[in-house]
Each structure stands twice: as structure tokens, then as C-alpha cells.
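Participant: Between the sequences and the hints, there should be enough to build the whole structure, so can you do that?
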Amino acid sequence: MTDTNATHAKGHILVVGGGISGLTTALEAAEAGYETTIVEKSPSLGGHVSQLKQYFPKLCPPTCGLEINYRRIKDNPRIHVLTMAKVGKVTGGPGNYEVEVTVSPRYVNEKCTCCGECEKAVTTEIDNEFNFNMNKVKAAYLPHEMAFPQRFVISPKIIGTEDAQKAKDACKYGAVDLDMQPEKKTLKVGAIVWATGWEPYDARKMDNLGFGQYDNIITNMMMERMAAPNGPTGGKIVKPSDGKEPKSIAFVQCAGSRDQNHLPYCSYICCMASLKQATYVREQYPDAQVYIFYIDIRAPGNRYEQFYSKIKADEKVTFVKGKVAEVSEDPSGEIVVVAENAVTGEKIRQNVDMVVLATGMQPTASIEKLPADLTFTEEGFIVNDYAKGGMFAAGCAAKPADVVSSNQNATGMALKAIQTLVKA
Amino acid sequence: MDKKYGFYLCSGCGIGEALDLKKMAEDVLEEEGHSNIKFHDAFCSPAGVAVIQKDIDDGVNAICIAACSRRVLTDVFNFPGCLVDRVNLREQVVWAHPGLKPSGEKAEGEEAGEEIPHLQMMGEDYLRMGMKRLEKINLPEPYKLETLERRILVIGGGVTGMTAALDAAEAGYDVTIVEKEDKLGGWAANVRKQLPLSYPYQETVSPIVDEKIRAVQSHSKIEVKTGTVVARIAGQPGDFTVTFKKPGEEIEFDVPYPLPDEMKVDENGKELDNETLAEKFKEYNEGRRDILTLDPNGVKFGAVILAAGWRPYEPEEGEFAELGYGKTPDVVTNVQFEKMAATGPVIRPSDGKPAKSVVFVQSPGGGDDKDFPYASSVTSLVALKQAKYVREDYDDGKAYIIYQHMRTPGLTEKFYEAVQQDPGIFLTKGEVTGVSADDGQLSVDVDNTLLGEKIALSADLVVLATGMVPATKDEPVVNLAYRQGPAFRDIGLFGGYVDSNFICFPYETQRTGVYAAGAIRRSMTMEESMEDAAGAALKAIQCLDSVNRGVAVHPRSGDPTYPDFFFQRCTQCKRCTEECPFGAIDDDAKGTPKPNPTRCRRCGTCMGACPERIINFADYSIDSVGSMVKAIGVPSEDDYDEPPLRILVLVCENDAYPAIDMAGLNRLEYSADVRFVPVRCLGSVNVVWIKDALSIGIDGVLLLGCKHGDDYQCHFVKGSELASIRMQKIGDALSSLALEPERVAQKEIAIDEYHKLPQIINDFVAEVEELGPNPFKGF
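First to last, the sequence lines map onto chains A and B.
Numbered according to the working numbering, the first sequence terminates at residue 852, and the numbering increases by one at each position without gaps.
Numbered according to the working numbering, the second sequence terminates at residue 1412, and the numbering increases by one at each position without gaps.
I should point out that these hints are in silico values taken from the structure, not numbers from a laboratory.
Predicted model, so just to flag it, every value in this text is computed and none were measured.
Treat the hints with caution; some may be incorrect.
Unchecked claim - Computed list of chain A residues with no C-beta within reach of chain B, every gap over 10 Å:
{"no.": "1", "residue": "Arg534"}
{"no.": "2", "residue": "Lys633"}
{"no.": "3", "residue": "Thr772"}
{"no.": "4", "residue": "Lys844"}
Said to hold, decoys possible - Here are the computed lysine-lysine pairs in the DSS-like style, where the Cα-Cα straight-line distance is at most 30 Å:
{"no.": "5", "chain 1": "B", "residue 1": "Lys1362", "chain 2": "B", "residue 2": "Lys1410"}
{"no.": "6", "chain 1": "B", "residue 1": "Lys1227", "chain 2": "B", "residue 2": "Lys1324"}
{"no.": "7", "chain 1": "B", "residue 1": "Lys769", "chain 2": "B", "residue 2": "Lys655"}
{"no.": "8", "chain 1": "B", "residue 1": "Lys1087", "chain 2": "A", "residue 2": "Lys744"}
{"no.": "9", "chain 1": "A", "residue 1": "Lys740", "chain 2": "B", "residue 2": "Lys1087"}
{"no.": "10", "chain 1": "A", "residue 1": "Lys539", "chain 2": "B", "residue 2": "Lys637"}
{"no.": "11", "chain 1": "B", "residue 1": "Lys1410", "chain 2": "A", "residue 2": "Lys664"}
{"no.": "12", "chain 1": "B", "residue 1": "Lys858", "chain 2": "A", "residue 2": "Lys851"}
For each residue, glycine too, the CB sits at the ideal point set by N, CA and C.
Facilitator: Okay, here's the thing in C-alpha cells:
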């Protein structure tokens, strides 16, 4: 017998951001019986985890969990998804917010079958942002093959050109709409969860680490794309300069993090991420030498410590305690990592073929100011004010965290949002 | 239900160019007497959907859409109240075989001799499979409990438990907290100061535990039972019956334990019969009622939050002796230090004199840079906090923290930074090689320091950063009256923590409706524990809401089907009870299963396990899948001089099926001889389907699913592992039919490994080709 007295509190929950935290908050609330809407600025959901090859410490593909989450969305009429959408002004208070949302034109409507004819028709190529511009995509593209919603996008760069017309002509289903305009919506919601996440810290800001100056210095997120089967190199880790296999790779930890001039906090995931990426390298190149330059290896707790122990046992992986002072290229084209060994005090110059900068997390909210009455830390993380209620930050919008902790936090924030509706 | 069929064959996305849909309709559908067949060049378009909707308005309720994958356009092809089958002509047939000649196109020259229309045969097979499935399935009726209990039980009255209780209560739920001690508070009641709970994360804070206790005690929706533990939790989510008792008491409703494996066999190692087993079980659990006997005085609950927390790690006799532990009272653990600090200034236990020079050791050394057992970022942070106590107590106090790795992740780094500002707190990396006592003064030897040399520190007190052991390491705590046993399963994988194996789904364990929070699942700070408590409270509430609607919880959230048992044919073999990953089935003394549908996660492992094939779901059954298998056309020598092989691939729908779709999207081509049948989980594969396949002349059967082992990726925990065990056993059965065991195989594929799919499939096809055609072909 269904207990029909158990009606849910009225009201709608808005989740800003469709990465793993936002997805989790929205799904957990919806499966508890509440109407939720996800507003995501990108053309597809999944955020940064959709760019990862594997999660630590299990070394399993994030798309596996995302697939289940997308299925949960498909099966649940209480979840509404707006992609390419941005939140504008937020007015009102707990239980009663009005939120302006602007949906940018995708130039492809819901009639898209994903047949791919538009992609074939256009000739213009644009930088592939999903792959950190390491390759190009056609200007009519699917963000990536696991993209949800599975629908093409036409880049605004070709709107008004012949190429756009070619895409339109190629579509048999009337899905290409070149006259699409930005659309404004007003959402009335009772609670808002900000799951606006993070961006990789811009490695160009650290002059001494050589990113942007030398091809064979990449970031950890670029490494994820490179190692991913659907990445720019089909999963092969190669030196960007010549596409050849690296015989040695150095990981530079705390590239920006724990540094008063850059990110004055620990970004939580980079140690574990580099340990994980060491396994990518070792799997592809059994003879490759890996160096990890670190301040502390932050692998706390049983599961992470075990993972660290496993990597330590690999004789091809060398750990050097010492902050890296400089990364540059020598005339032979090798990359030189200069660091001071914190234990022995000696100055180290390590030549390698390639360097991965373990860049940290910068809160997205510090890059784009959120249009709501929220409190921020100096670094741009959102400070949760439970006493005030109504609006909450989940996942890395509140603090740097790994996926497990973000999802625990995001599940809890779903309850905080529901409590707001119950009390309203 | 009275089915009225509609078949919708879409020619969009290249399907129409590659397949002769009219011929498919004639050969497959009309052949079977179906006449309501529609064609469209885009059924997903508004005009296409209107065609289907009009039929539905005219009474059609069983819909077969032969177009794209069932993973896409689900919002478009959403017809509530109708049975819907999606035949995947696009990703699996047309897109995945760009190299095959479109149907109707004639080959030229020598190839024209014997032309096999691979593509058309494939399309027809899949359409026939969809048609057969639709004939066999029914609309599910959700399982509803007679009465639903909504009260939530929280085990543990520490900060985590109290927070979970408050969070659930604030969402409108009644909660009972049980705490084994005589008062609420847990470990948080024994601290001088707490780690910072919020930004700017720089200062310790006064304990918040009293405030929590007041909030709990004054909340009208929260009941507190102190000095109480759980003797047993019987029943299922939405209808648990819980027996409480005093700690240490022995009562008849203490939970019984399953027989250990060695007691289940006779002297010769032969398995005992059910009657003897039942007797032995009774003897083994003398004085305890069976799990199926409900305590008439038990209390009803709907869901459980397990927040029983941790205990300090207790070094074994002689452990850390090189660090002086157990040799001098002035070497203590961090918990012993905290207890002392909570009640007064820090002193030397040996003589009560002020401890003005304290060395905090983070790592036991011994040539390794590991932290102490069960340590974590909490032990790093606690050392920082405790170092401050020394400075608070004595103006001339000095604290030394010797660490291998200072583990202050995320924003807790701010606290580390703040502590570093104190000139009386010295921090260095180093390996502590020994602690010696001389005349009441300790000397701590440290090697490999940041100072580049060996140092010896003179200390009044040495504090070891030992870790937090989860309560579940020692005992089950939840005491579930489940046939599979009272504890969470497989927590050995996580060192006894009740953690989830799933990174994405941190609350998913093998026990539905019981959600862990706080230090029992992982070493956590109070801030993290409180967040975790809110998450666990949400999951408990969500479980109740799902039970109320009669639908599954994660990962098949919202699924209204559940396993239906045809008991008359049950042989009491107990396989379903033993193999269910979620312990959803209990059995009685005779061995007859008693399903608990709200514990069930709908994976179908029981259906796969059942040798009598008496377990089925409304839309997923032995017959529905078996009929699909039998719908595969098997060409014989009567049809072609060299008939193509037919390989059945049973595909896990969670990861392998999407990988197949991705292969299609990328136009990766593989053998045209395979036919895919999706299954809920490889655990649900019943060997009868394999026998069916081989008996109609199918040449080989491949199971395609996810990774098993310690880092399993199976969403139902055990499915792919169980399937692999069953496949090992099927070898004998095949040999008895004079078939090679190599005709049946299981391969792992992760969702992102679609690029490996062609090789996996082609290799298997080649292996079967090597064996030659199935000798039963044509019979």
C-alpha cells in the first residue's frame, strides 16, 4: 500500500552545475521525490570527471558511473536538464527564489538523431576544448561520444558562414536551426545548490614551470585526455613535440597549490592523481622511468596509503621530496627539472622527456562571479551558511575534494535543500 | 494484459539505405501474423512520434521500435503504460558494419556465387528477437508493503549519529538514536578542543558536542536510548523489526550466526542435507531464535543509519616498543594524550610533572614512510591540534611534530599553515628510529630530517599518532537477522570499514536500507563526518520514499519490477539465498526461500542462479530472454554451402552494452556472425539460455561483462564474478553433450574500452571457427 499521505514538500530544487557533484545532488533529491533542475553551462553533463581516464584508487572509468547517472536521469521524470545555460540574477529568499537563466543557442534542436551528417558536411575545424585544445574538431560536433544529452552542437564561430549552411543542408531531420537565439527563462525554486566546481589552475601563471613555452610540459588534466581511449592521441601517451613515446616522465606536485602566490591551499587530489597517472605511463611503457617531485604525498587513509605503497614498490618510479624550482628545456630538446632535495639538501637537475604539472583546483566561482547573495572565502570557495539556509554549495565549489568526498557532500546537500522546502 | 502490437521500423540515420525494411517486416513480422507495421524515415521526429501515439490512442499497448539504441532518445520514445522494446538497428547493425554490402545490392563477379546477406539477416534476427521479447513480457506491478514504517534508526550517539538524527528529523522524519554508552556524545565528548569546522580553518574550536546533545534532546522527533545496543534487525527496508538490549546482555533475540563452512559438510566433505543443516544451525545458535522468528516486542523501523564510529587503535604487546610504547608511561597514543588534555594541563604520566617538551610521532618508521595503522589526515591534523595544547599550557612549552608526510588535504592546509606560525611548534619530516628513556627523560632519535642530519630530541612526553579503528572491525554492530549473516559483507576489502566500493556512489553497500556515516566508513574529521551524516540521512529517506512507491533503489532506481518465485517447483537448493549479493533472500529450515523484495536491487542474480528456473521478473524472465535466444536464425548447410557461424553474446547492459553502442558510433566493425542479447547483469545469466543456444545450433556463446575481483566494477557487486564461476562449471555439462567447453567464454570489457570490442569479438569468433560448426546445427 502506498502511503499517499507522504506527499513531498512543494517546491523545486535548482542545481547549478552538472558535474559529478551537481549530478549527485540533483539525482539524490529527485529519487527522494523532489523536482530538480540542473543548469549546466557546457553542451553536455559530467564536468571534469568526464575528461578523466580513470578514478583513483580503483582505476575504473568515470564514464561507468556517469552512464548509470544518465540512466537515472532518463528514468526519472522529476529531473530537468538545461545545457548551455547560465544562471543570471537570483532574487528572493529560502523557499522562494526567482532565478534568471539564459540558454545559449546550440543551433541544433531536439530533432537531432546524432547521425553525424552535419559533422561530415562542414569543413571548418575548431579547437577541441574537451581535449584542452590538443586537437581539433569539426565546427559541428558531438562534445564527446559519451556526451549526454547525446546531441550535436554547432560552434557560433561558423554561424553566418557557408559552412553553417552546409550543416543545415546536410541534416535530413530539420535539427539544425541557424536562427536560434539566446533564450531567457525564469525559474521559481525553493532551494539552490551551487555545484559550480573548479577549473584547472592556469599553468601559464607559473613562469618558472615552463608551461606554454615548451611543448613537452603538459598539465595533469591534459595527461588524462592523452591517456583516455577517446582522447586526442587515441589513448597513447606521447611527447607533444614529436608524437614519440617518452622514455622518462616527471610529475611536478603542487604546481600552484600550497603556494601563497598562486593557490594558498592544498588541492586535495593531485598527489593521488599523479600516482594514478604513473600507472598509465607504466602500463604503456614498461621501460619508462617516472619521477615524482613532491612536498608531502597526501595519500591519507587505508585505501590511499595502500595505493601509494603499490606505486612505491615499482622500481621504475622514483619519489623525490623537494619542491621544483624550475622546469625548462635544454638545447637537446630534453626537459630539465630543477629541484632541491629537501632531505639531502642537494640541488637536483633531472633530465626527462616530458613533464606533467600537477596543477590544482581553482574554484570556478573565483573566475566567474556568481550572481547570488553568497559568502566566499578569499580564494573563491563558497562558505556554507546553514543557519541562513536556502542556498548551499556542494562538492568542489565549497572546498577541494576527491570524487568520493564530493559525492558524500553533494548527497548531504540534497538533504539540506529538501529541508529548506520542508520548512518553507 | 491483452496485448495489441505495433511495430515501427525506422529508415533514418542510414538504416533505410542499408536494410530492406519492407522485406524484414514481411519475413519476420507478417510471418508471425503481425500486421500493424509502420514505416517512417524518422520515428523520433514529431511526425514519427505522432504515428506511434495515434496507434496508442487506438489501443496499441505493445510497441516495438526498430531504430536506434535504447540508450538514446528515451524522452522521445516514452510511452507510459505501454510495453516498449527498442530494436537496435542503428548502432548494432548498420553503424557497426559499414563494410557490409547493403541489402539488395548485388555482388559482382566471383563473389556473386553464394551471396550471404549478412546485414539483412542481422536486422531480421534483431527484429525477431524484439518481437519475441514483446510477446513474453508484461507490465510490472510495483511491490508494495502492507504498511510502511518511516521511523529511522540511528546506531551511535556520537557527533555523526546525532547529526544524522537531526538532519532526518529536520526533513520531517521520526528518529530513534541508540547509544551503547550511558550518555550521548561519543569520542567528541572527550576532547579539549576540536579541529576547525569551517573557514578560515585556522583556529581550533570548543567542542560542539554539548550543543548537539541539547538539540537532540529538545527535538520532538528524536527519541534517545542510551545504554542500549541492537540485538538484531529483522525484516526489510520499510518494515524492519529491531530488538534492543543492554550491552553485554544475552537474550533469545540475539542474532544467530550462519554455520561456518566446515560445519556444513560431513566427515567426507560431502554437503549435509537441509534437515541436518537446520539441526546443526539450531545447536550452533543454542538459545537464540531463528532469524525468521519475529520478536513480538520488537520495534518497527523503516531504515537504518549506522554511525557507530571508531575506537582507538590498540597496539599489540610489544608493538612500537622501539618507540618506547609499553616501556615507559611517558610514551602515549594521541587518544591517551587527548584524554589527559581534556581534563587538565598536559603532564608526564610517570611523575605528574609538566610535559613541556612533547614529540609527536606521525609514522612508526622501520624504513617505511607509512603512517600508523588506521591513520589518515585526521591523525596529522590532530597532532597539529595537540601541539597547540602544549603551547596553551606552558609559555615555554615546545612541541615537535615528526612526520613522513603532513597530510592536511584541501582547505585543512590552512590549519597547518596557522600552526606553522607558532615559534614553539617545530615541524620536520623525519624517520623516528628510536625512543629511549634515561633518568625519566626521553630521547627521540630522528633520521632523514629536513635539516639533513640525524637529531636527538629531548622530550618529556612522546605521542604516537595511532589511528581510528572502525567499530565494525570488531563486531557486526548492525546484527542483521539475514540468512547470509549479521554483518556487512566483504568489508575485509576496506580494512573493516563499512565503506562502499563505488567511487561514484559512496553510500552503496551490499545491504539495502542501511547507510553508514562517519568514522565507521572511513577515517574522517568531524566536519566530514557531519557532512557524511547528512548524506546518509538523505539515503535513508530516499530508500523509504522508493519503498513507498514500490520501486528499486540504486542502481536500478525507479524499477518497479521484482523477482517473482514459483514456489511449487522449488527444490530448496538455497542457491538464490546464498548468491544474492544483497542478502535479499532468507530461507526457512527446509530451505525454501523467503524473498524480501524491499532489500532487492533487481539485478536478477537469483534468476541466474535458479536451476529450476522459477524466478522471473515481469519484463525480464527466463522465457523472455530464452525466446530471444531461440529467435536467432541459425543458417545451416541446407541454406548455404558454407553457412556463417552464429554466436550469441550475452551483454551486461550497464557497461558492455554502452561500449557496443560507442563502437557503433565510431563505426568500428566486428564480425557479422554475432547476436547481442542484453542482460541486467551477468549474474542474471541462467545457464539454460546457453543450453538453449547450443541446442538450436548456435556455435558459441560469449558473456560480455565488467571487471571482477577486489576492484570490481559490477554495479551489483558479484554478478560478473558469479557468472565466471558458473561458466567454469558449465564445461562439464558441455563435455557430456560432446561439445567443447571453449564454445562458451566470458570476457571483461569496461565501458570505455569500446575500441577493444572488435578484437574481443573477432578473436572469439575465430576460436569458435577453429572448433568448427556446432554438431547440433540443423537438427
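Participant: Now look at each hint and say whether the structure bears it out.
Facilitator: Okay, the hints, checked on the actual structure:
1. Arg534: The assertion about Arg534 of chain A holds, with a minimum of 16 Å to chain B.
2. Lys633: Holds: least Cβ distance 19 Å, greater than 10 Å.
3. Thr772: Not fine: 6 Å to the nearest Cβ puts Thr772 of chain A too close to chain B.
4. Lys844: violated (6 Å)
5. B:Lys1362 to B:Lys1410: With Cα atoms ~24 Å apart, Lys1362 of chain B and Lys1410 of chain B stay inside 30 Å; holds.
6. B:Lys1227 to B:Lys1324: holds (28 Å)
7. B:Lys769 to B:Lys655: holds (24 Å)
8. B:Lys1087 to A:Lys744: Between Lys1087 of chain B and Lys744 of chain A the Cα gap is close to 28 Å, so the pair holds against 30 Å.
9. A:Lys740 to B:Lys1087: holds (24 Å)
10. A:Lys539 to B:Lys637: holds (28 Å)
11. B:Lys1410 to A:Lys664: This hinted pair is violated, its Cα atoms lying about 44 Å apart.
12. B:Lys858 to A:Lys851: Judged against 30 Å, a Cα distance of about 27 Å means the pair holds.
The structure fails hints 3, 4 and 11 (numbered hints given earlier, in ascending order).
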